[in-house]
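Taken in order, these protein sequences are the chains called Y and U.
Our numbering numbers the first residue of the first sequence as 1 and each following residue consecutively.
Our numbering numbers the first residue of the second sequence as 1 and each following residue consecutively.
Because the hints were derived from the structure by calculation, they are not lab data.
A portion of the hints provided could be inaccurate.
Identical chains blur together in the list; that is why a pair holds if it fits in one copy or across any two.
Derived lysine-lysine pairs resembling DSSO-like cross-links, with alpha carbons at most 27 Å apart [as the list claims (entries may be wrong)]:
1) Lys120 x Lys263
2) Lys263 x Lys47
3) Lys184 x Lys48
4) Lys47 x Lys184
5) Lys48 x Lys263
6) Lys120 x Lys47
Number of protein chains: 2
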Amino acid sequence: MVKLESSLSYWMGRVDLNNTIDLVKKYGEVINQYLNEYVPEAAVPEKKIYEAMRYSLLAGGKRIRPVLTLAVNQLFDGDMDEAIPFACAIEMIHTYSLIHDDLPAMDNDDYRRRRLTNHKVFGEGIAVLTGDALLNKAFEIMISILRDGYSLDRKVRVMYEIANASGIEGMIGGQVVDLESEGKFVDQETLRYMHSRKTGRLIVASAVAGAITAGAGEEDIGKIRSYASNLGLAFQIKDDILSEIGEQEKLGKRVGNDREKNKSTYVTTLGLDEAKRLLDITTRSSIESLESFKERAEFLIGLAEFLLHREN
Amino acid sequence: MVKLESSLSYWMGRVDLNNTIDLVKKYGEVINQYLNEYVPEAAVPEKKIYEAMRYSLLAGGKRIRPVLTLAVNQLFDGDMDEAIPFACAIEMIHTYSLIHDDLPAMDNDDYRRRRLTNHKVFGEGIAVLTGDALLNKAFEIMISILRDGYSLDRKVRVMYEIANASGIEGMIGGQVVDLESEGKFVDQETLRYMHSRKTGRLIVASAVAGAITAGAGEEDIGKIRSYASNLGLAFQIKDDILSEIGEQEKLGKRVGNDREKNKSTYVTTLGLDEAKRLLDITTRSSIESLESFKERAEFLIGLAEFLLHREN
Chain Y
1 MVKLESSLSY WMGRVDLNNT IDLVKKYGEV INQYLNEYVP EAAVPEKKIY
51 EAMRYSLLAG GKRIRPVLTL AVNQLFDGDM DEAIPFACAI EMIHTYSLIH
101 DDLPAMDNDD YRRRRLTNHK VFGEGIAVLT GDALLNKAFE IMISILRDGY
151 SLDRKVRVMY EIANASGIEG MIGGQVVDLE SEGKFVDQET LRYMHSRKTG
201 RLIVASAVAG AITAGAGEED IGKIRSYASN LGLAFQIKDD ILSEIGEQEK
251 LGKRVGNDRE KNKSTYVTTL GLDEAKRLLD ITTRSSIESL ESFKERAEFL
301 IGLAEFLLHR EN
Chain U
1 MVKLESSLSY WMGRVDLNNT IDLVKKYGEV INQYLNEYVP EAAVPEKKIY
51 EAMRYSLLAG GKRIRPVLTL AVNQLFDGDM DEAIPFACAI EMIHTYSLIH
101 DDLPAMDNDD YRRRRLTNHK VFGEGIAVLT GDALLNKAFE IMISILRDGY
151 SLDRKVRVMY EIANASGIEG MIGGQVVDLE SEGKFVDQET LRYMHSRKTG
201 RLIVASAVAG AITAGAGEED IGKIRSYASN LGLAFQIKDD ILSEIGEQEK
251 LGKRVGNDRE KNKSTYVTTL GLDEAKRLLD ITTRSSIESL ESFKERAEFL
301 IGLAEFLLHR EN
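Next up, chain Y with everything else stripped away, as it sits in the complex (with noise of 0.2 Å):
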């Protein structure tokens, strides 16, 4: 453990990444065994479903989402068997939108996570209908944990911040402004709406569900939200940043790909050096929300210099 100074900004850059990797691992580990669970094999005659489902839920992927829920939930002593079914569904949702995004009609892409997006696999209608049963999945099981009449009202605001981060105000609504952006000019401004909507809202929704699971007060969920918001900002930058500069190998999918289909990014809009500039300070911003916590956001403030470092 790192000794704290009396800033965080003295932090950046000494924090052992090792362990920041070694805890994301474990809590992906937990996470998979899960997602295992909920979506198992199943020798019904609508199977290729669950493949389906299957295919594109445990294909890897950071499980940067769950693994916030998880790690907010620790951050404030919470038991984390509260917090595990809500970070499966955000990840299923996550996944959903990956497959409904990757469609001809959406991104057309053939490549994700190194492998062949769900169409390319298992067909353009299979893999719409895989979308919509993550998406209807995740719900399920939310609702299923209401059951044992434990914590109600926690688990109902969690349930309402992500099914809004997911919906027409969040995610979706980003995704339109997205598809509606394609081939135009876009400005800084439409671009920070656009994805704060289309990704930030769910990591936010994640770090927030971890700190309502763990009974967090209102201040605390406050600075978390302001973490996970900026952590969000500098996560799409920086795929920004790679889909213009990263090796397609460590990628997995095509460098360049965004360039093509004349979709704006931060690279498009600000240029490369101004991009890394913002993707910088966002980092910071991120990290100095945590102040209070001190030593024990170690973890959170190592994900957000990962994430600034990562290479896919």
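Please build the complex by placing chain U on the supplied structure of chain Y, with the hints as guidance.
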């Protein structure tokens, strides 16, 4: 009000269908008013998705599912205000499933309810997102009403019933079997399995939602479940018959479409006469489940007959 004789079989054909139709309209208007409020017009950057949601959601349609919810709620002297959000959520789920089913990758239909299908007007990308948005919104509405803390057990039970009926064990599963069966011979058993999931389970959930929100007892819920299960089957058989022999003008979509697409229906599997016979038997079974409710069931009986005789 028609006087009840010793058995409900006496009743069939004696309900004044004009009363039934008036009440269907009255309930339908309540639903339309709330749907219009739940998905308002919006002047935000993503306004196109609001337009697309409203285009399909407010396109008319028989509103059978939400009408069932309200009517069953009233049969048990429920507070209609408690049933309305669930009725609207169910109609949103039904509408999203139609939008996705109509996509080129699935049924590839150009017309629905006498209008161009969603993807023909807004494009395939927006149509996928519109379906996603309606499913998500359905859950947002149901979660919202959990926050008032009233009748929580009943509400959670209704939500689970709906979520399960619309997921892989219900509607989506049925649609997968449907998609997988295209171009293959399908026997009556498989057809029944497919339809009981694809349309049956959500119709049952609609009726059961009405009963649970009104605080009906388990035995009565069982009778309603049985009624709705047969009603759903009858509804599908009638759909298949209309799709084969209905008048295109009244139907609002092309006749003979199923046959051209090599889709198995009750008509292609059983032949027209046997399909009509099964429709009669099923409608009768549906009505018989209501025997103990005596004349209070008049509307639900009328609804079954109305669906039996409908021309679109």
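Note to self: I'd like to know which numbered hints this structure contradicts. Please list them from smallest to largest.
What the structure shows: none
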